[in-house]
Amino acid sequence: MKSWLLGLFLLTNTDLYTTHSVVEGLESMQNYDYTKYHPMDEIYRWMEDVERANPELISSAVYGYTYEGRNITLLKLGLNDTAGSEKKVIWMDCGIHAREWIAPAFCQWFVKEIVNSYKTNKKLGQMLQNLDIYVTPVINVDGYIFTWANNSTRLWRKSRSLPPPDSTCYGVDLNRNFKANWGTIGVSFDSCENTYCGKSAGSEPEAQAVMDFVGTMVNQTLCFLTIHSAGQLILLPYGHPEISAPNYNELVSVGQAAAVEMKKVHGMNYTVGTSPQILYPNSGSSRDWARLIGIPFSYTFELRDKGEFGHLLPEDHIQPACEEAYVGALSIITYVHDKAFKNGAVTTVKHFTLASGFTMTIWSTIVAVFVTTGFMV
Amino acid sequence: MGLRIIVVLAVLMGVTGSPTTTVRPETTSVDTAAHPNSIPEMAEETGQNEVFSEEEAAEDVMATGELNPNHYPAQRAAKVVQHYLTTRYGSPYRLFGLHRVHSGNAEDVGDSGRKYQLEISVHEIISNTTQKCSAEVFFPHGQKQESPQVQASCEELLNISTKAQEEALYQQYKMNQTLLSAQNLPDSHGHIEPDMKLLWHLGIVASSFIMLKESSENTLYNMAQVANITQLETEKEQLKFNCHTLLHDMVSQEILHWKLLFAWSPAEGVKVLQMEQLPHCQHCEKPPNTN
Numbered sequence: 001m002k003s004w005l006l007g008l009f010l011l012t013n014t015d016l017y018t019t020h021s022v023v024e025g026l027e028s029m030q031n032y033d034y035t036k037y038h039p040m041d042e043i044y045r046w047m048e049d050v051e052r053a054n055p056e057l058i059s060s061a062v063y064g065y066t067y068e069g070r071n072i073t074l075l076k077l078g079l080n081d082t083a084g085s086e087k088k089v090i091w092m093d094c095g096i097h098a099r100e101w102i103a104p105a106f107c108q109w110f111v112k113e114i115v116n117s118y119k120t121n122k123k124l125g126q127m128l129q130n131l132d133i134y135v136t137p138v139i140n141v142d143g144y145i146f147t148w149a150n151n152s153t154r155l156w157r158k159s160r161s162l163p164p165p166d167s168t169c170y171g172v173d174l175n176r177n178f179k180a181n182w183g184t185i186g187v188s189f190d191s192c193e194n195t196y197c198g199k200s201a202g203s204e205p206e207a208q209a210v211m212d213f214v215g216t217m218v219n220q221t222l223c224f225l226t227i228h229s230a231g232q233l234i235l236l237p238y239g240h241p242e243i244s245a246p247n248y249n250e251l252v253s254v255g256q257a258a259a260v261e262m263k264k265v266h267g268m269n270y271t272v273g274t275s276p277q278i279l280y281p282n283s284g285s286s287r288d289w290a291r292l293i294g295i296p297f298s299y300t301f302e303l304r305d306k307g308e309f310g311h312l313l314p315e316d317h318i319q320p321a322c323e324e325a326y327v328g329a330l331s332i333i334t335y336v337h338d339k340a341f342k343n344g345a346v347t348t349v350k351h352f353t354l355a356s357g358f359t360m361t362i363w364s365t366i367v368a369v370f371v372t373t374g375f376m377v
Numbered sequence: 001m002g003l004r005i006i007v008v009l010a011v012l013m014g015v016t017g018s019p020t021t022t023v024r025p026e027t028t029s030v031d032t033a034a035h036p037n038s039i040p041e042m043a044e045e046t047g048q049n050e051v052f053s054e055e056e057a058a059e060d061v062m063a064t065g066e067l068n069p070n071h072y073p074a075q076r077a078a079k080v081v082q083h084y085l086t087t088r089y090g091s092p093y094r095l096f097g098l099h100r101v102h103s104g105n106a107e108d109v110g111d112s113g114r115k116y117q118l119e120i121s122v123h124e125i126i127s128n129t130t131q132k133c134s135a136e137v138f139f140p141h142g143q144k145q146e147s148p149q150v151q152a153s154c155e156e157l158l159n160i161s162t163k164a165q166e167e168a169l170y171q172q173y174k175m176n177q178t179l180l181s182a183q184n185l186p187d188s189h190g191h192i193e194p195d196m197k198l199l200w201h202l203g204i205v206a207s208s209f210i211m212l213k214e215s216s217e218n219t220l221y222n223m224a225q226v227a228n229i230t231q232l233e234t235e236k237e238q239l240k241f242n243c244h245t246l247l248h249d250m251v252s253q254e255i256l257h258w259k260l261l262f263a264w265s266p267a268e269g270v271k272v273l274q275m276e277q278l279p280h281c282q283h284c285e286k287p288p289n290t291n
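As they're listed, the protein sequences go chains A and B.
Start counting the first sequence at 1; every next residue gets the next number (the UniProt record's numbering).
Start counting the second sequence at 1; every next residue gets the next number (the UniProt record's numbering).
These aren't lab readings, by the way, just hints derived from the structure by calculation.
Each hint should be verified, as a subset may be incorrect.
Unchecked claim - Stretch-level coverage of chain A by chain B, calculated; a stretch enters the list once three of its residues show a Cβ under 8 Å from a Cβ in chain B:
{"hint": "1", "stretch": "153-163"}
{"hint": "2", "stretch": "277-288"}
Said to hold, decoys possible - Straight-line C-alpha distance at most 27 Å; calculated DSS-like pairs for lysine-lysine:
{"hint": "3", "chain 1": "A", "residue 1": "K36", "chain 2": "B", "residue 2": "K197"}
{"hint": "4", "chain 1": "B", "residue 1": "K259", "chain 2": "B", "residue 2": "K213"}
{"hint": "5", "chain 1": "A", "residue 1": "K263", "chain 2": "B", "residue 2": "K132"}
No residue lacks a Cβ here, since even glycine has one placed at the ideal position from N, Cα and C.
Build out the structure end to end from the sequences listed, making use of the hints.
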């Protein structure tokens, strides 16, 4: 009975304006070139289009403002969960460091892939009913815009906060500003340097916005992914050489499983380890903050390449870099989802086997509903 | 619309079925009571403490003995070998990248420094071939920053001959009516005009001399960009170039600006004649008008 009423309610609420808006958004989305780098105004517009085109999957939220007053915007990907059980959260952010252009490119790619496959990929559709994936394509908006200004600004890393009183140098390394052993190692207190950690933990609005927003959802958050370049690394907490996460072994094995999947795509090696092992010690990173407040899985992805082009990754590398990163991210998301929901699905995101018991349940239920209600589709 | 509701209902019924996946025994016990801003003491962290005691990566205690090839000490030493090979054998048609570190060993040489022995694979970028090398890198520990010393032997490094191509390019550049000049290689989008690629390669080889000279156990240098490269008048059969290069040090995350004067000929390879580090001019970057 309920399904009849629900169906009727939904049908009457779909008006022509919404349909037109959806069509417009879809067209825009299809014309968007995911294999090119986009300036910030195009990314803001793309976020509007993608939300408009997929109202049942995507909503947006502004959860903070940059130093220069710009919106920090995320897209929330998730499907209606009519069972009413509490949805778990996956967090993904890109572009904490302004010059790492492949990272925002990947966040956009990720959203596009989900949009294009969730209706046909049963596993993905199921996960989106249990999870909300929060994607921030660009956190350091001011810095990103600055890197587009001219040839001499392209390699800027930090935010664009004003110099402190005794200095002429702008910006804070946002990935050293989080409340996680702030200021202890792998940082500079010189505002002219690229690892300047700011005047205090969380002093920067961009970092504080993430901590405030994710802080309200910490109990539901399964996984925190922060996307950077370059180096082809999967970093696990902590950045401090003498502190280990309690689930270190599991973090390593899940990371290594992701790296194995990534290598299958284009043969690229991604090294897995803590930052002090495979890169350098550091403190105040968003990854460390997430693990410290209790989010069990927290990773920094360092995408392509290993030094040939570095941060100036050519546009014809965007697609392969994003294809492998997508597989890696999804591997981790699938793992944490399956762990949290302990469901009977044996299907992976890539494969759909009719033989699985879970799938048989779906189909037999659909048939049963058809037979009992006579509801015509 | 209706089918969607049915599928949702069906999915829900499936989800509440019995699980077939094994439940992993590890609990993610986390100490959320610790104030996020403190350095958590080992005793406060509940449950399993996995202190990774294999290497203390504190900055003044570097690993010795057998090294984990994926960890940064071996990786940084191997990168130095890449720069060395580029200075010795690099040309517009031969460039090296570090492919893999297979094994590494480090030992202190009294107080004078530390010596690394490495088995690595290097990737010759232009022919897209990979080959193994054995190398030794010695980092001197002195008051003054001194360059590392490298010895390397690679099985078939020069197997693919580039002499003919180099000679042709050399003649072409020598005969230029107008002297070549290029900026921003690669540009902001990672793009390089096809006829500027070889100039970019020359800039990389020349920059490798600086990267080699400046390397230590606390750096990891890569090319960031050739900001400007300009051909000068040929002198004594050597092509000459002025170059403004940007280097990236992964460890400090800084971009270092250097100016170079270098010569090239197929016979002599690249030779750096002058090099000078430029100050990092912070206040030169005026923020654009915000809109």
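Results for each hint:
Coverage of the stretch 153-163 of chain A by chain B holds in this model, with 6 residues showing a Cβ closer than 8 Å to a Cβ of that chain against a need of three. Only when three residues or more bring their CB closer than 8 Å to a CB of chain B does the claim for the stretch 277-288 of chain A stand; here the count is 5, and the claim holds. Distance hint between K36(A) and K197(B) is fulfilled; the C-alpha atoms sit about 21 Å from each other, no more than 27 Å. For the hint linking K259(B) to K213(B), the alpha-carbon distance of about 14 Å falls within 27 Å, and the restraint holds.
For the proposed pair K263(A) and K132(B), the alpha carbon gap of about 21 Å is at most 27 Å, so the pair holds.
Consistency note: the structure conflicts with none of the earlier hints.
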